[in-house]
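Participant: Got chain A sorted already, so can you dock chain B with the ligand onto it with the hints?
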Amino acid sequence: MAWRGKVHKFGDNISTDLIIPGRYFHLRGNLSELAKHVMEDADPDFVKKMRKGDFIVAGENFGCGSSREHAPWVIKIAGVRAVLAKSFARIFFRNAINIGLPLIECDTENFKEGDEIEVDIERGEVRNITRDFKVAFTQLPPFLREILNAGGLKEYIRRKKDFEG
Amino acid sequence: MGKTLTEKILSQKIQEEVEIGRIYIFPVDWVFAQDGTGPLAIKVFEELGISLLSSPSRTLFFLDHASPPPRSELANSHHLIRKFGEKFGAKIYEEGEGICHQLMVENHASPGEIIVGADSHTCTSGALTAFATGMGSTDIAVAMALGKVWMKVPPSIKIILKNSLNNRVMAKDLILHIIGALGANGATYRVLEFAGEGLKALNMDDRFTIANMCVEAGAKTGLFPADEVTKEFLEKMGRGEKYIYLFPDENAVYEREIIMDLSEIEPMVALPHSVDNVRKVKEVKGLKVDQVFIGTCTGGRLSDFKIACEILKGKKVKSRLIIGPASRRVFLEGMKEGVWEILVEAGGVIIPPGCGPCVGIHQGVLADGEVCVSSANRNFRGRMGNPQGLIYLASPATCAATALTGYLTDPREV
Ligand code: SF4
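Protein sequences appear in the order of chains A and B. When we follow this note's numbering, the leftmost residue of the first sequence carries the number 15, and every step to the right adds one. When we follow this note's numbering, the leftmost residue of the second sequence carries the number 28, and every step to the right adds one.
Don't take every hint at face value.
Unchecked claim - Below, simulated DSSO-like cross-link-like pairs (lysine-lysine); rule was C-alpha separation at most 30 angstroms, straight line:
| # | chain 1 | residue 1 | chain 2 | residue 2 |
| --- | --- | --- | --- | --- |
| 1 | A | Lys174 | B | Lys40 |
| 2 | B | Lys189 | B | Lys258 |
| 3 | B | Lys333 | B | Lys312 |
| 4 | A | Lys175 | B | Lys175 |
| 5 | B | Lys258 | B | Lys307 |
| 6 | A | Lys63 | A | Lys174 |
| 7 | B | Lys118 | B | Lys175 |
| 8 | A | Lys175 | B | Lys110 |
| 9 | A | Lys175 | B | Lys118 |
| 10 | B | Lys189 | B | Lys309 |
| 11 | B | Lys333 | B | Lys227 |
| 12 | A | Lys23 | A | Lys63 |
| 13 | B | Lys189 | B | Lys30 |
| 14 | B | Lys179 | B | Lys269 |
| 15 | B | Lys70 | A | Lys174 |
| 16 | B | Lys189 | B | Lys175 |
| 17 | B | Lys363 | B | Lys342 |
| 18 | A | Lys20 | A | Lys50 |
| 19 | A | Lys174 | B | Lys309 |
| 20 | B | Lys333 | B | Lys363 |
| 21 | B | Lys189 | B | Lys227 |
| 22 | B | Lys118 | B | Lys343 |
| 23 | A | Lys50 | B | Lys70 |
| 24 | B | Lys179 | A | Lys175 |
| 25 | A | Lys100 | B | Lys179 |
| 26 | A | Lys148 | A | Lys66 |
| 27 | B | Lys175 | B | Lys307 |
| 28 | B | Lys269 | B | Lys118 |
| 29 | A | Lys63 | A | Lys175 |
| 30 | B | Lys309 | A | Lys175 |
| 31 | B | Lys114 | B | Lys227 |
| 32 | A | Lys174 | B | Lys333 |
| 33 | B | Lys189 | A | Lys174 |
| 34 | A | Lys66 | B | Lys70 |
| 35 | A | Lys175 | B | Lys343 |
| 36 | B | Lys110 | A | Lys174 |
| 37 | B | Lys363 | A | Lys174 |
| 38 | A | Lys175 | B | Lys70 |
| 39 | A | Lys50 | A | Lys100 |
Hint data in this document are derived by calculation from the structure and do not stem from the laboratory. Because the structure is a prediction, the values reported are computed rather than measured.
The shape of chain A in the complex, shown without the other chains:
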C-alpha cells in the first residue's frame, strides 16, 4: 500500500502548542471545529494550503510539550495521511499510534515544501517524486503495528476487550 501526497514542511521542536494552541482549549469538546486551527501558530495558512492525503514533514522532536491527544487528533481529522519527522516526542508518538495516525521516523532533511512524495508502509520506504530520491525507515514493532492496523488502541480494545499477552 502506497500513499501519495504533498509535503508541508516544518522545522524542529514543533510543540503541541504550535499544533493546536491552548487558547482553543474551549473547543476541545469539538474535534472537527478544533481541527480548523491545526498547525495555526506554526503556519497560519496550513489549513488553506493542505489537501486531504498530504503529509506533514518535520525535523527533530515533533509533538513535544503537552500530552494533549487533541494534537494528533486534529492532524488526523484535518486529513493529513501521516507525519514524517527525524524524531518524535514520546507522548505524541504513543498518542498518534493510539489514535491510528501513522508516524514515520526517517531522515527528512532533503524534503522541501510542496514536494510530491509516496510512502510505502509495507516496504518501509519514502520516495520523493519531485526530487527523485528514496529514504528508508524502520517499521514499528509488531504490537504497535497491530494497534495502528486496528485503527487505534480504542478499536483494538473494543475488539479484544483486553491487551493480548
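Facilitator: Relative to chain A, chain B with the ligand alone:
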C-alpha cells in the same frame, strides 16, 4: 546484572525481569486526567464498551486547568467530569483544590508505584520514586477500564549530584541547566535518574520541581531514590506506611552518566520560545519585564513563595506580579506563615490554587509583545494565550527579584 530504579520498579510490578527496549503490559496504581484531557478520556472510555472502571478509588479527575471556568464550554467540561465521577465512582478534585501533580504528591503517589496521567507533567511524582508518566486520553481511558497500559521499557541516564546549591540558587536553576545541556530532546524515550550525595541537600519541593521538568528534555519520567527525605515527606502527608527503601543497584547499567556540581550552578533563564534555550541570568540582565508569574506545578509551592517573601518583604514591585499557589494545602500553609500578606503588600495579585495563566486560558494572558518571567515549565510560543507574548522561565527567586526591579534580575543582587 544490577538494576536501575526504572528496571526495579517495572520488574517488580510484573514479577518478571524487564528488558530495556521491549514492550510490556503493566498494571497501574493510579490513573488520572484533568479538565482539559478528561472529557476526551471519558468519551473514549464510553466507546470502549467496558462498563466499569477497573478501580474507581484509584481513578482521579482534577478540575485545575480552567478553574473556576472562564467560559461556558469549559464549565460544561467540568460538569461532564462531575457527572462521570458520580456515575462511576471516580474521585473528583474540585475547583480550587489545586493542580493535579501537586495533589498527586500530597495525597497519592508513593514509592514503587506506576502512575499514568493525562498530563505531561505527571512525571512530578517521580520525585517520590513512583514510575509516573504522562499519556494521552486514549491510553488513560484504557487504563481506567483495564487498569493496564502498554509501555516500552526505557533506558536511564544517571545524573550524579555533588555538593549543594548556593544561596538563592534553586532547584529550578539546576533543572534548567540540565535541560540546556541535554537539549529539548536529549532524553527522549529515556528516564533521568538522580543520584549522588548532593541529593541530601535537595528537599522534597526541590525534587518535585526537578522531576516535573524532566519531560522538557523529552524524558519519559525523572526518578529520585526513596530516602530519608522521602520518608519524612510521606509521614508529614499522613502516609508514612507507604514508605519503602528504594534505590538502584550499585552495579546498575546506565546509558550515560552525567556529573553535576550543584555549587557551580547559577541562576538560569530559558528564553523564548523553547525550554532548552537556556542562559545564565547575568548574561541576559536588563530585559524589561511586564509581568511576573510565580506559581504552577513547577514553582508554586511554599518554599517558592517563602523565597519570594524574603526578596519582596516591605518593598513594592515594578512589574505586575501574579501569585498562584499550587494547591489548597500550599495556600493554607502560606496563610499560616503570613506569606500572602507580604506578597500582596508588595503589589502581588493572588489567584486561586490551579494552573492559572500557565496554559493561556485565563488569569494573566499576555498582550502583544509583552514579556513575562515565569516560574512555570514551558515557554512555547502562544503558551500564555498569545503567540505575540514572550515567556522567560526562571526560578521563583529570579522571578521575585525581577518583579522588584522591573527588569530581569539575578536574585543574588537584590
Ligand atoms: S500548572 Fe501549567 S504545566 Fe502544570 S499542570 Fe497546570 S498547565 Fe500544566
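Participant: All the hints need checking, so say for each whether the structure fits it.
Facilitator: Status of each hint after checking the structure:
1. The suggested pairing of Lys174/A with Lys40/B holds, with an alpha-carbon distance near 23 angstroms, which does not exceed 30 angstroms.
2. Taking the CA atoms of Lys189/B and Lys258/B, the gap is about 21 angstroms. The hint holds against a cut of 30 angstroms.
3. Taken as a hint, the Lys333/B and Lys312/B pair is honoured in the structure, with Cα atoms around 23 angstroms apart against an allowance of 30 angstroms.
4. Only pairs whose Cα atoms come within 30 angstroms are accepted, and Lys175/A paired with Lys175/B is accepted, the gap being roughly 12 angstroms.
5. At most 30 angstroms may separate the alpha-carbon atoms for a hinted pair to count; Lys258/B and Lys307/B exceed this at roughly 34 angstroms.
6. Restraint check for Lys63/A and Lys174/A: the C-alpha separation of about 39 angstroms exceeds 30 angstroms, so the hint is violated.
7. Between Lys118/B and Lys175/B, the direct Cα distance comes to roughly 19 angstroms. Compliance with the 30 angstroms bound is thereby established for this hinted pair.
8. Taking the CA atoms of Lys175/A and Lys110/B, the gap is near 25 angstroms; set against the 30 angstroms cutoff, the hint holds.
9. A threshold of 30 angstroms between alpha carbons decides the hint, and for Lys175/A with Lys118/B the separation of about 24 angstroms falls inside it, so the pair holds.
10. Simply put, Lys189/B and Lys309/B have alpha-carbon atoms about 23 angstroms apart, close enough for the 30 angstroms limit, and the pair holds.
11. About 21 angstroms separates the Cα atoms of Lys333/B and Lys227/B, which keeps this hinted pair within 30 angstroms; it holds.
12. A threshold of 30 angstroms between alpha carbons decides the hint, and for Lys23/A with Lys63/A the separation of about 12 angstroms falls inside it, so the pair holds.
13. For a cut-off of 30 angstroms, the pair hint linking Lys189/B to Lys30/B stands: about 22 angstroms separates their Cα positions.
14. Of the supplied pair hints, the one linking Lys179/B and Lys269/B holds, its CA atoms being roughly 27 angstroms apart against a limit of 30 angstroms.
15. A distance of roughly 19 angstroms separates the Cα atoms of Lys70/B and Lys174/A; the hinted pair therefore holds under the 30 angstroms criterion.
16. Proximity of Lys189/B to Lys175/B is assessed by CA-CA distance (about 38 angstroms); at most 30 angstroms being required, the pair is judged violated.
17. Between Lys363/B and Lys342/B, the direct Cα distance comes to roughly 21 angstroms. Compliance with the 30 angstroms bound is thereby established for this hinted pair.
18. Restraint check for Lys20/A and Lys50/A: satisfied, since their Cα atoms lie roughly 19 angstroms apart, inside the 30 angstroms limit.
19. As the CA atoms of Lys174/A and Lys309/B are separated by approximately 58 angstroms, the hinted pair breaks the 30 angstroms bound.
20. With a C-alpha separation of about 12 angstroms, the suggested pair Lys333/B and Lys363/B falls inside the 30 angstroms cut-off, and the hint holds.
21. Distance check on the hinted pair: Lys189/B and Lys227/B sit about 10 angstroms apart at the alpha-carbon level, within 30 angstroms; holds.
22. A hinted pair counts as satisfied when its Cα atoms are at most 30 angstroms apart, and Lys118/B with Lys343/B does not qualify at roughly 42 angstroms.
23. Between the alpha carbons of Lys50/A and Lys70/B the distance comes to roughly 21 angstroms, so the proposed pair stays at or under 30 angstroms and holds.
24. Of the pairs offered as hints, the one joining Lys179/B and Lys175/A holds, with about 21 angstroms between alpha carbons and a cut-off of 30 angstroms not exceeded.
25. Note on Lys100/A and Lys179/B: the hinted pairing holds, with a Cα-Cα distance of about 20 angstroms set against a maximum of 30 angstroms.
26. Distance hint between Lys148/A and Lys66/A is fulfilled; the C-alpha atoms sit about 23 angstroms from each other, no more than 30 angstroms.
27. A C-alpha spacing of about 43 angstroms is found between Lys175/B and Lys307/B, which places the hinted pair above 30 angstroms, so the restraint is violated.
28. Note on Lys269/B and Lys118/B: the hinted pairing holds, with a Cα-Cα distance of about 20 angstroms set against a maximum of 30 angstroms.
29. Straight-line distance between C-alpha atoms of Lys63/A and Lys175/A comes to about 40 angstroms, which puts the hinted pair past the 30 angstroms bound.
30. A C-alpha spacing of about 57 angstroms is found between Lys309/B and Lys175/A, which places the hinted pair above 30 angstroms, so the restraint is violated.
31. For a cut-off of 30 angstroms, the pair hint linking Lys114/B to Lys227/B is broken: about 45 angstroms separates their Cα positions.
32. Restraint check for Lys174/A and Lys333/B: not satisfied, since their Cα atoms lie roughly 53 angstroms apart, outside the 30 angstroms limit.
33. Annotation: proposed proximity of Lys189/B to Lys174/A is violated, straight-line Cα distance about 50 angstroms (limit 30 angstroms).
34. Of the pairs offered as hints, the one joining Lys66/A and Lys70/B holds, with about 26 angstroms between alpha carbons and a cut-off of 30 angstroms not exceeded.
35. This hinted pair does not check out: Lys175/A and Lys343/B have alpha carbons roughly 61 angstroms apart, beyond 30 angstroms.
36. At most 30 angstroms may separate the alpha-carbon atoms for a hinted pair to count; Lys110/B and Lys174/A meet this at roughly 28 angstroms.
37. Of the pairs offered as hints, the one joining Lys363/B and Lys174/A is violated, with about 54 angstroms between alpha carbons and a cut-off of 30 angstroms exceeded.
38. With a CA separation close to 17 angstroms, the supplied pair Lys175/A and Lys70/B stays within the 30 angstroms bound.
39. A C-alpha spacing of about 26 angstroms is found between Lys50/A and Lys100/A, which places the hinted pair at or below 30 angstroms, so the restraint holds.
In summary, the numbered hints that this structure violates are 5, 6, 16, 19, 22, 27, 29, 30, 31, 32, 33, 35, 37.
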